[in-house]
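Peer 1: Sequence:
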Amino acid sequence: MCRSQASLALLLALLASIASALVIESPDCRLMTHVSGEFTNLTMLENGGLKNVWIVPVTPFTACEPLRGQDLTGKVALVLRGDCNFVQKVWHAQRAHAAAVVVMDDELRHEYDQSSHSSAAYV
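Note that this note's numbering has the sequence shown beginning at 1028, numbered continuously upward.
These aren't lab readings, by the way, just hints derived from the structure by calculation. Using N, Cα and C, we set each Cβ at its ideal position, and we do this for glycine too. A few of these clues could be false.
[What the hints assert, rightly or not] Taking CB as the label site, the calculated pair distances span:
1. E1092 to D1133: 12 to 22 Å
2. K1078 to M1131: 17 to 27 Å
3. N1074 to E1134: 14 to 24 Å
4. D1110 to N1074: 26 to 36 Å
Take these sequences, add in the hints, and give me the full structure.
Peer 2: The following block contains the structure:
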């Protein structure tokens, strides 16, 4: 009995982690973890988030300046990490009507546990 309860708990934990994952279906299928920012609309995430939306690279790619001639209504802005802070990137994407923003990195970095960092509550 105890073993089946443990198995059920493990299954529920796995399903919960998948429900909050970022799933990229095209051009290839990947399941990735993500971190939501303070500016995230939690109601939208609780209701299943965005589904079947285009992720569009923006111009300029760093999104440190206003996006040039792009209407991102119903799309997710893909921006490159660096050159300015995340607030500026999200602000410019929001002004172009992006439904969400994915900030990507083009450098391999070591993963580390941010939960012990003093600012972890704000990430």
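Peer 1: Now tell me if each hint is right for this structure.
Peer 2: Results for each hint:
no.	hint	verdict
1	E1092 to D1133: 12 to 22 Å	18 Å, holds
2	K1078 to M1131: 17 to 27 Å	20 Å, holds
3	N1074 to E1134: 14 to 24 Å	34 Å, violated
4	D1110 to N1074: 26 to 36 Å	33 Å, holds
Going down the numbered hints, you'll see the structure goes against just number 3.
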